[in-house]
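S.K.: Sequence:
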Amino acid sequence: MDEIRGEQIQGDEIRGTARGTAPVPLSVLDLVTVGQGRTATQALRTGVEIAQLAERRGFHRYWVAEHHSMPGVASSSPAVILAHTAARTERIRLGSGGVMLPNHAPLVIAEQFGTLEAMAPGRVDLGLGRAPGTDGATAAALRRTDRLNEGAMGSPLVERSRDLGEDFPQQLMELTRFLDDDFPDGHPYARIHAVPGPVQATAEGGVQSPGRPPIWLLGSSGFSARLAGMLGLPFAFAHHFSAQNTVPALELYRDSFKPSTVLDAPYALIGVAALAADDEREARRQVLTGALSMLRLRSGRPGLVPTPEEAEAYAFSPMEREFVDNWLVNIVHGTADEVRSGLDDLAKRTGADELMITANAHSGEARLHSYGLIADAYGLPDA
Numbered sequence: 000m001d002e003i004r005g006e007q008i009q010g011d012e013i014r015g016t017a018r019g020t021a022p023v024p025l026s027v028l029d030l031v032t033v034g035q036g037r038t039a040t041q042a043l044r045t046g047v048e049i050a051q052l053a054e055r056r057g058f059h060r061y062w063v064a065e066h067h068s069m070p071g072v073a074s075s076s077p078a079v080i081l082a083h084t085a086a087r088t089e090r091i092r093l094g095s096g097g098v099m100l101p102n103h104a105p106l107v108i109a110e111q112f113g114t115l116e117a118m119a120p121g122r123v124d125l126g127l128g129r130a131p132g133t134d135g136a137t138a139a140a141l142r143r144t145d146r147l148n149e150g151a152m153g154s155p156l157v158e159r160s161r162d163l164g165e166d167f168p169q170q171l172m173e174l175t176r177f178l179d180d181d182f183p184d185g186h187p188y189a190r191i192h193a194v195p196g197p198v199q200a201t202a203e204g205g206v207q208s209p210g211r212p213p214i215w216l217l218g219s220s221g222f223s224a225r226l227a228g229m230l231g232l233p234f235a236f237a238h239h240f241s242a243q244n245t246v247p248a249l250e251l252y253r254d255s256f257k258p259s260t261v262l263d264a265p266y267a268l269i270g271v272a273a274l275a276a277d278d279e280r281e282a283r284r285q286v287l288t289g290a291l292s293m294l295r296l297r298s299g300r301p302g303l304v305p306t307p308e309e310a311e312a313y314a315f316s317p318m319e320r321e322f323v324d325n326w327l328v329n330i331v332h333g334t335a336d337e338v339r340s341g342l343d344d345l346a347k348r349t350g351a352d353e354l355m356i357t358a359n360a361h362s363g364e365a366r367l368h369s370y371g372l373i374a375d376a377y378g379l380p381d382a
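Numbering (numbering that gives the first Met the number 0), first residue to last: 0 to 382.
Keep in mind the hints are simulated off the structure, nothing from the lab. For every residue, glycine included, the Cβ atom is placed at its ideal position computed from N, Cα and C. There could be a bad hint or two in this list.
Distance windows between CB atoms, simulated [what the hints assert, rightly or not]:
1) D344 <-> P70: 44 to 52 Å
2) A202 <-> G378: 45 to 53 Å
3) E203 <-> D344: 55 to 63 Å
4) P317 <-> R44: 33 to 41 Å
Whole structure, please, built from the sequences with the hints as guidance.
M.R.: In structure tokens, the structure reads:
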């Protein structure tokens, strides 16, 4: 496979800066969750408010993730959401965590993210996953596969361990060449250009910047970790979804890493589920709503995120209780000081270069409050 060159990308567009007393840069992953009694319009408004809070308080980036056919997640179109958010922010990096590459033609992704780069120059990240972001039947409806049973539900920053052969690396290379506008002479796509993009800089009278968003690879197992290392790309791991694989995957990424024109050293962030509240009991009430929502999703009954009252009153079977307890173990929750301590420990234990926090709860107010409390706990600026 060809090297991913990315001549126009500098490492400082990838690496963040830790602020306040945070051990590493902090960022936000937003699932644009929709709670019972709420609308998608409200959820999307909350997403903008979270991005604005994150920008004001010094979080490094704000990402959204591609999901499909899930009533409680309104992020089926990351590029549309990011365009909306770009118009309402000024500095924070914006990106996908991620776009599921096998769901789309590489040219379409290059056009979408070239457009975003033109809207918000130097602020856009392109995170790519290889899971469907949904169940197998919906994947077929997306024309990802003709086999209705291929692939289980995907997630932000998530990949499945099934063997996809060489399709994903080939799609990745095709996407990269569209972004860089550098198909070799004689290639069937040599005369096809992703616009907006570098071709505009070479056209007569063109002044378009040839820059493009940096590519990140996302994963929850070893495949993308190894591929990101081999290509010298930044890597994002779904700790919030696959905590048992975090340290092995990061070690594999670092061991596989080869310096590139994109990065001279490994750079890895991890997605972390964390929610802070004014007291421990309230934090527990809030995270239980997300746990029940995930239980229903895993049981083939996806729906809106339940209220704290419903989650507390739910009669869990022993098997369901075991699932929920295991799920909650990997969510850092409690008071602001408790969450700060948990995040500090996680950064130290994994050696992650950045923590990307996702706060899942029924209400947007609880999520906004959580990010504010975490920012306060680390003494982040309030510009």
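S.K.: Taking the hints in turn, state whether each one holds.
M.R.: Hints, one by one, checked against the model:
Taking the beta carbon of each, D344 and P70 are about 35 Å apart, not inside 44 to 52 Å as hinted. One distance hint, 45 to 53 Å for the beta-carbon pair A202 and G378, holds here, with the actual separation near 49 Å. Between E203 and D344 the beta carbon distance is about 57 Å. The supplied range of 55 to 63 Å therefore holds. Judged by the Cβ atoms, the range 33 to 41 Å given for P317 and R44 holds: they are separated by roughly 40 Å.
Checked against the numbered hints above, the structure violates only hint 1.
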